[in-house]
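So the protein lines, in turn, are chains A and B. Counting with the numbering used here, you get residues 1 to 118 for the letters of the first sequence. Counting with the numbering used here, you get residues 1 to 88 for the letters of the second sequence.
Simulated from the structure, these hints should not be mistaken for laboratory data. Check each hint, because a few of them may be wrong.
Partial pick of chain B residues on the chain A-facing surface, computed with a CB cut under 8 Å [as the list claims (entries may be wrong)]:
no., residue
1, LYS31
2, TYR32
3, ASP34
4, MET77
5, PHE82
Selected chain B positions facing chain A (Cβ under 10 Å, derived; list incomplete) [stated by the list, open to error]:
no., residue
6, ILE30
7, TYR35
8, ILE38
9, GLY49
10, LYS73
11, PRO81
All C-beta atoms in this analysis are idealised placements derived from N, C-alpha and C, irrespective of residue type, glycine included.
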Amino acid sequence: MNNYELMAIFTPVLSEDEFKASQKKYTDFIEANGGTITYSNPWGLKSLAYPIQKKTTAIYWVLEYSAPSDLNEKLKVQFLRDDQSLRHLITVLDKHAVEYNAKKRSGVKHSDTEKVEA
Amino acid sequence: MAKANEIKYLTAIKQEQPKKKFCRFKKYGIKYIDYKDIEFLKKFLNEQGKLLPRRLTGNSLKYQRKVSIAIKKARQMALLPFVTDLLK
Numbered sequence: 001m002n003n004y005e006l007m008a009i010f011t012p013v014l015s016e017d018e019f020k021a022s023q024k025k026y027t028d029f030i031e032a033n034g035g036t037i038t039y040s041n042p043w044g045l046k047s048l049a050y051p052i053q054k055k056t057t058a059i060y061w062v063l064e065y066s067a068p069s070d071l072n073e074k075l076k077v078q079f080l081r082d083d084q085s086l087r088h089l090i091t092v093l094d095k096h097a098v099e100y101n102a103k104k105r106s107g108v109k110h111s112d113t114e115k116v117e118a
Numbered sequence: 001m002a003k004a005n006e007i008k009y010l011t012a013i014k015q016e017q018p019k020k021k022f023c024r025f026k027k028y029g030i031k032y033i034d035y036k037d038i039e040f041l042k043k044f045l046n047e048q049g050k051l052l053p054r055r056l057t058g059n060s061l062k063y064q065r066k067v068s069i070a071i072k073k074a075r076q077m078a079l080l081p082f083v084t085d086l087l088k
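Let the sequences and hints guide you as you build the complete structure.
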């Protein structure tokens with residue numbers, strides 16, 4: 001069981017309910033295949049740095065979950081089939097990453113938020 | 001024999017100390033670089049959105065590679081642009 005982080009981008013034309021339904025679809029898929037959801041963070045509508053499929057804004061969604069390693073292939077296939085998703089990125093979280101995410105959630109101030117000049 | 005600081009040159013030799021460069025990740029003990037934290041990642045890019053070389057950022061090799069991977073992930077996810085003219 002590894003910790004993974006998924007970031008998905010959906011088309012901006014989705015309504016609130018459709019977005020929630022999409023999220024639910026993927027969380028249910030993960031749970032049905034033996035994973036557990038740690039944290040779901042929908043960022044909502046955001047401007048893109050460059051146009052994707054001619055769109056300049058999109059809905060972002062970050063999901064942290066832990067699952068057996070064979071789940072990711074199936075999840076990727078689901079995203080590729082979905083017409084409403086534009087991009088997706090699944091990252092493996094190592095122990096430092098897991099710690100960082102936990103700290104961020106609990107609101108502890110990081111040392112790298114002190115402005116260190118480049 | 002004249003002392004070294006009494007010798008006068010035609011053009012005075014520069015004596016300024018080079019500014020100490022250090023790897024901020026080693027110094028502050030930062031172990032994970034989040035690709036979602038674009039304000040932090042922008043410090044390692046120039047105005048055109050290109051990655052800055054290690055001799056300018058002062059990073060150690062290990063962390064420069066991690067920064068590079070994080071920036072490339074952020075570019076993939078349209079959080080940072082690939083090319084631009086007015087990043088900062």
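Verification of the supplied hints:
| no. | hint | in the structure |
| --- | --- | --- |
| 1 | LYS31 | 4 Å, holds |
| 2 | TYR32 | 4 Å, holds |
| 3 | ASP34 | 7 Å, holds |
| 4 | MET77 | 6 Å, holds |
| 5 | PHE82 | 7 Å, holds |
| 6 | ILE30 | 5 Å, holds |
| 7 | TYR35 | 8 Å, holds |
| 8 | ILE38 | 9 Å, holds |
| 9 | GLY49 | 9 Å, holds |
| 10 | LYS73 | 6 Å, holds |
| 11 | PRO81 | 4 Å, holds |
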